[in-house]
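Novice: With these hints in hand, go ahead and build the complete structure from the sequences.
The listed protein sequences correspond, in order, to chains A and B. Read in order, the letters of the first sequence correspond to residues 1 to 298 in the numbering used here. Read in order, the letters of the second sequence correspond to residues 1 to 298 in the numbering used here.
Among the hints, a few may not be true.
[To be verified] To list a few chain A residues with every Cβ distance to chain B over 10 Å, as calculated: (1) S41; (2) Q92; (3) A154; (4) A181; (5) P270.
[Claimed, not checked] A partial selection of chain B residues facing chain A, derived with a Cβ cut-off under 7 Å: (6) A205; (7) T212; (8) A239.
[Claimed, not checked] Every beta carbon over 10 Å from chain B, so not counted as near; a handful from chain A, in silico: (9) N32; (10) D186; (11) T253.
The set of hints was computed from the structure by calculation and includes no laboratory data. Only a predicted model underlies this, so the values are computations on that prediction, with no experimental measurement involved. Glycine included, each C-beta is placed from N, C-alpha and C at the ideal position.
Number of protein chains: 2
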Amino acid sequence: MNTALIGVDWGTSNLRAWAFDGQGRVLAEASNDAGVSTVASGQFAGVLRALVGEWSDGTTPIILGGMVGSRQGWREAPYLPCPAQLSNLADQALRLEAGIGPGWIVPGLSCEASDGILDVMRGEEVQLAGANVADGTVLLPGTHSKWVRMSAGAACSVRTVMTGELFALLTRHSLLGRLMAPGGDDPDAFDLGVDRSLASPAISASLFSVRTEGLFQRIAPSSLSDYLSGLLIGAEVAAMTGDAREQVTIVATGKLASRYARALQRAGAPHPLIVPGDEASSLGLLRIARLILEKEPA
Amino acid sequence: MNTALIGVDWGTSNLRAWAFDGQGRVLAEASNDAGVSTVASGQFAGVLRALVGEWSDGTTPIILGGMVGSRQGWREAPYLPCPAQLSNLADQALRLEAGIGPGWIVPGLSCEASDGILDVMRGEEVQLAGANVADGTVLLPGTHSKWVRMSAGAACSVRTVMTGELFALLTRHSLLGRLMAPGGDDPDAFDLGVDRSLASPAISASLFSVRTEGLFQRIAPSSLSDYLSGLLIGAEVAAMTGDAREQVTIVATGKLASRYARALQRAGAPHPLIVPGDEASSLGLLRIARLILEKEPA
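Specialist: In structure tokens form, the structure reads like this:
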């Protein structure tokens, strides 16, 4: 296999890799669950070799993004302060010997907002490079959703919203989960939650209604998690879009993307652009690697 | 002992009781951890007798409030719709034979707000009767804080805010708890959280800062829980007081009361009135019982 570049997305719980040819076409893909949290210090090169060693001739450049660059990862790469261009990510990439070839770890991003709130991302900056939005808002939803304002090709602000983690905590560990039953995928319950949060985004004061709607049998047990999801996503959209009903680019697929698209539209925003997360990851790694290799051929 | 009335606050995890004389003075107090969640169906009379049987001559009236009136309790008492007067609680009390004398269970309250959100309380209505606020806002903080608007002696609206439960979930089960260390009682970290939430009450978009403030060592590990507490209490106060900077009556004691008092003052409200929870419970039971016994002597 004539691999020109290996791209690696190495997160907390998963390891995924792509082999690219000289034209940037994907020659092969591979993944396993050897996420950073499962790899002991000193074992990263071996784990990488086991997955993609056969793609490299020993000189193939390797670009790595994600938690692999955290303190718990292979080597700690810095957080670049915002505003940051794609080219800054390439310039500040951390050089390392990756065992199967020369490697670079993509740095994270950090932003301090005008309200003093400090935020960071690590891993999503690769998808951001892949989404390739010059001006506008990019949403990377998930356990910790990231909202990024792009201006003239630079990431100008980052805000993390813990919607996915709050949903998991509240369904698994709180009183709200007690009345829930599995099964439902109820768009009406979701919409009711979204609309209530758009009207009144203070979730502290609305979450308890998940219990009362169940207690008084106004929402079926199997639909209560959809209602909670609507409350949380609606509050996120309300907090992050304000009155600006601009078009948002969502980096996600499936149900996650469609729920956010639905909530954005109910908030009055135009239908968002959707970029699949895998595509954004592989394309982002490719773009950053090309900028690195232009200056510093492997 | 010449007991004229026995008052019982029977919650999910605790059972507390007071013996009153004919003038409403407390003759004795007793409590144990035989909360409703620990008592099997059919065993309530026995558990009550074990704690306070010796206070009764077999005809002493017994007034009971709290989760003892829930579906999982001794007998299910209804929820009275708002607006509800103290006298409505007495009128709708559920008569039962309490084994050691004639008993009444105080009903709960339910309110549907103009935004369609339904809310309930059970147990706090007794403390509300004890706090005896004719007009204004009463706050009963805790795992599930209750905010009640009183008008002409009637509870006109109830809103539950899950601040205490969110704090417990986030410190015990979320990523935010990982960087926390025990020990601190840091008023500056608390105030910073309060002020940030008062400026921007969408906690979805600020909670992640607990992690970043720790990660970048701007707040010490032992102070991170104070910062989180400030964010949550600040958001609660912002959502529930709006621009109306009226005086609030807080039913609580100690650190809980002082944290809410501090947050209310930072929001521009006058120093709240503080009513200790135990005092509100015993006085509330006494007041409701007197109204019942006026009409229907035991």
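Novice: For every hint, state whether the structure bears it out.
Specialist: Checked hints:
no.	hint	result
1	S41	18 Å, holds
2	Q92	18 Å, holds
3	A154	20 Å, holds
4	A181	17 Å, holds
5	P270	22 Å, holds
6	A205	4 Å, holds
7	T212	4 Å, holds
8	A239	3 Å, holds
9	N32	24 Å, holds
10	D186	17 Å, holds
11	T253	23 Å, holds
Checked against the numbered hints above, the structure violates none of them.
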